[in-house]
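If you read the protein sequences in the order shown, they are chains V and Z.
Just so we're aligned: 425 in the numbering used here is position 425 of the first sequence, and the numbers increase by one with no gaps anywhere.
Just so we're aligned: 114 in the numbering used here is position 114 of the second sequence, and the numbers increase by one with no gaps anywhere.
It is possible that part of the hints are untrue.
Given that identical chains are not distinguished, each listed pair holds provided it fits within a single copy or across any two copies.
[To be verified] Listed next, the in silico DMTMM-like pairs over lysine to aspartate or glutamate satisfying Cα-Cα at most 25 angstroms (straight line):
#1 Lys406 with Glu136
#2 Lys53 with Asp233
#3 Lys406 with Asp134
#4 Lys191 with Asp170
#5 Lys191 with Asp70
#6 Lys311 with Glu43
#7 Lys274 with Asp436
#8 Lys311 with Asp233
#9 Lys274 with Asp170
#10 Lys311 with Asp152
#11 Lys191 with Glu236
#12 Lys191 with Glu109
#13 Lys274 with Glu94
#14 Lys97 with Asp420
#15 Lys53 with Glu236
#16 Lys406 with Asp233
#17 Lys53 with Asp205
#18 Lys311 with Glu106
#19 Lys406 with Asp205
#20 Lys53 with Glu109
Simulated from the structure, these hints should not be mistaken for laboratory data.
Predicted, not measured: the structure shown is a model, and the values here were computed from it.
For reference, the chains in residue letters:
2 protein chains.
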Amino acid sequence: MARRLLNHSAALLLAAYLASPFVGAETLPAAAADEATAGLLRERALADSGAYKIVESLTTEVGARPAGSDADARAVAWAVAKFRALGYDKVYTEPVKFTAWRRLSESAEVIAPITQRLAVTTLGNSVGTNGPLDAEMVRFQDFEALQSAPADSVRGRIVLLTRRMERHRDGSGYARVLQMRSSAASLAATKGAVALLIRSLGTDDNRLPHTGSVNYAPGNAIPAAAISGPDADLLERLVQRTPSVRLRLNIATQTQADSTSYNVIGEITGQDAKPEIVMMSAHLDSWDLGTGAVDDGFGVALTMAAGALIKQLPQAPRRTIRVVLFANEENGFDGARAYAARDAGDLSRHYLAIESDWGAGRIYALRHPPQDAELTARLSRALAPLGITLDGAAGAPGPDLGFLAKAGVPWIQLAQDATDLFDHHHSANDTLDKIDPASLNQNVAAYTTFAWLAANTP
Amino acid sequence: MARRLLNHSAALLLAAYLASPFVGAETLPAAAADEATAGLLRERALADSGAYKIVESLTTEVGARPAGSDADARAVAWAVAKFRALGYDKVYTEPVKFTAWRRLSESAEVIAPITQRLAVTTLGNSVGTNGPLDAEMVRFQDFEALQSAPADSVRGRIVLLTRRMERHRDGSGYARVLQMRSSAASLAATKGAVALLIRSLGTDDNRLPHTGSVNYAPGNAIPAAAISGPDADLLERLVQRTPSVRLRLNIATQTQADSTSYNVIGEITGQDAKPEIVMMSAHLDSWDLGTGAVDDGFGVALTMAAGALIKQLPQAPRRTIRVVLFANEENGFDGARAYAARDAGDLSRHYLAIESDWGAGRIYALRHPPQDAELTARLSRALAPLGITLDGAAGAPGPDLGFLAKAGVPWIQLAQDATDLFDHHHSANDTLDKIDPASLNQNVAAYTTFAWLAANTP
């Protein structure tokens, strides 16, 4: 019965399926139909997934949407309306509380032995300088060098860390410099430093510094900011000429306790009486410098579009497909924390979850595959035409999904090419033009394939 | 006698020379020696011209140096000291008067139907807005479309021009959009517009707008600024959604009449009694956004280094070699005007002149060759190993040299590859890292070859 409905490419899939050693003959017709449908979804997504229009809408009509801002509230309203327009069966929000942080103003300049202005951006959560802060600069290569430095060399100074981020396909250069941004400020504070400057965590040569959050240890908060790569080069050349380089920093920031934003959730209701969930997630908030196109408008658009393509099928999936757009990923992961806490008794309903928050590159690998060998086999076959292979690497769930993974939610990763991601990540350059529509469609094709097969595999 | 002094490559040159139909036999030995020396200079420049250290020094120790600023005065002192350190025979300055312009602050944002901040830079010479200026935006494709527009469609509005600059090796895309920056503000003013915004004259996709000067027609000055390419894209998308887009501009600028800067001049004194001059020029000032590395630290460094390489030879050139670093090219060509006026009775001493102010790319063509066929033949042979050919295109003298060319000073052009120039031209991205030392050495090799042959050819 099912076989009569299959088109030509589905018939080819079926032939491949029959050759597979993974599955018993009794599940054959339903499985073949599932893979045929996955193939249709994949082809529709590649032709026009609808995702580009979604991210165009978000970046044009909302733009930068730092958590807790007016624009963040507009983004929540936008997401609710967009889920509804896309035909999701159930659309709802859940409140997320946090302390919102806001940049007010910032400047940095060399004041001796010469004067030069620096391109600077304050790090998220940073305290301000309370007016101009003049101090001598002391440079170290990286976090580890600062750890080894005697406090005498740091006390009363502005610490500069200059390690360059390396460019790799998997984006692994980021993890190797992340401590400079996340933890060096408090380390410097314990040694008596008055502020921290870092070379931006980025692989570009633009005078657009990259922000990101700093995590203070209690009682050790000093102002922390990032300068662009060319500005870090300049300071390195200056300090080679003379050991005494003086800087002026002027940073003003603001926090607002008990701010509220919302996780926005859309669902395609499954047929099964047993209410299992296949979850796709991204984050709705963005940093304030760009328009949050790549980070994470891309993920928002692709997960919304993937669900919408499934909704357009004549038959509903067996499991429910839930798309979760988390609040305040960038400056605290508060949406993911709230989701994990609220759903603590309910996380066991999550059959399998995935997150998109790693740029706008094409997907090249399936990692951390499901324990279910049949589903893994189906996914491998269905993703292969997209150039996606199971490459054996360990994988990672993603920043928000990490909180659910710790609580036992099963996850997979569809690993994206991040070669260019850190050219614009967390900078003013994160705008729509950095998204390749063909890459976005390839991502949607993979996600919709994943979601359909995960929702239907017994 | 001369032939015994030649090395191997000089002997090869000599062989080529003997095959040339251009020169009479009687000039042969001196000509061969000149070309051999040119070959040596070329090889030394390619190995290490010293120019990179010069532009590194200028951008690190002085940085941005808009005409009339404190940094401009420091640049003048730097140039005098550098000419002396390089061993120039004569170093002097000549005063240049002008009205200095300074940017104080600037912001631009969409305020309806949504709110978004725009990356904006005020154009040089622009007047301010006297506080926040709110108005509806009206978009045109380019200068010509604005010319055709009825005043009713423009009156009381902020005019936006969005034509994209095209990327070409010869940089010719610039001329095709230049009127948007130079002349559209006053055209818009005559139709009652309250301000002008243009898409940056640039080929990049960075949120770093490109400045440059606006030329007002008398009595028709309205504030004029450039937004980045991605911001122009955003406004185009917005205006497609709704015809009524409102903007807020806030621009403050300052002018200072009777400001003074200086042309800085270094000379290698020639042997000839007849005081003819071979001139190499660049401009010392820069825009305020970057550190003026490519525009025109590159030209400053290469002309200074080319003269210095000649000074290091055991024999002086026959004609005097003069390196002129002009004041305030960017915002009025005042240094070139002053030079042409001061030297009005003296311009006939200029045997041949050249200017470098077209980026940091490699030279690929000799254009507007000298009328002297022998010198042209010598130059063609000596530049060929650098990949430089006489390609028959008309050529252009360059922005400063243009004033002297009008007054009858003979000039040649060594045309540079400008494919990437407008990615960073007049923007904050004009920093040292955009200069390829090998390209700079190739430029010095060409200039020093040119200067030597021009100074010695009878």
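These are the hints, each one checked on the structure:
no.: 1; hint: Lys406 with Glu136; result: neither (43 angstroms within a copy, 52 angstroms between copies)
no.: 2; hint: Lys53 with Asp233; result: between (39 angstroms within a copy, 15 angstroms between copies)
no.: 3; hint: Lys406 with Asp134; result: neither (44 angstroms within a copy, 51 angstroms between copies)
no.: 4; hint: Lys191 with Asp170; result: neither (34 angstroms within a copy, 54 angstroms between copies)
no.: 5; hint: Lys191 with Asp70; result: neither (38 angstroms within a copy, 37 angstroms between copies)
no.: 6; hint: Lys311 with Glu43; result: within (15 angstroms within a copy, 69 angstroms between copies)
no.: 7; hint: Lys274 with Asp436; result: neither (39 angstroms within a copy, 64 angstroms between copies)
no.: 8; hint: Lys311 with Asp233; result: neither (52 angstroms within a copy, 32 angstroms between copies)
no.: 9; hint: Lys274 with Asp170; result: neither (37 angstroms within a copy, 67 angstroms between copies)
no.: 10; hint: Lys311 with Asp152; result: neither (64 angstroms within a copy, 49 angstroms between copies)
no.: 11; hint: Lys191 with Glu236; result: within (22 angstroms within a copy, 51 angstroms between copies)
no.: 12; hint: Lys191 with Glu109; result: within (23 angstroms within a copy, 42 angstroms between copies)
no.: 13; hint: Lys274 with Glu94; result: within (23 angstroms within a copy, 88 angstroms between copies)
no.: 14; hint: Lys97 with Asp420; result: neither (33 angstroms within a copy, 47 angstroms between copies)
no.: 15; hint: Lys53 with Glu236; result: between (44 angstroms within a copy, 15 angstroms between copies)
no.: 16; hint: Lys406 with Asp233; result: neither (40 angstroms within a copy, 42 angstroms between copies)
no.: 17; hint: Lys53 with Asp205; result: between (30 angstroms within a copy, 20 angstroms between copies)
no.: 18; hint: Lys311 with Glu106; result: neither (47 angstroms within a copy, 47 angstroms between copies)
no.: 19; hint: Lys406 with Asp205; result: neither (37 angstroms within a copy, 40 angstroms between copies)
no.: 20; hint: Lys53 with Glu109; result: between (41 angstroms within a copy, 23 angstroms between copies)
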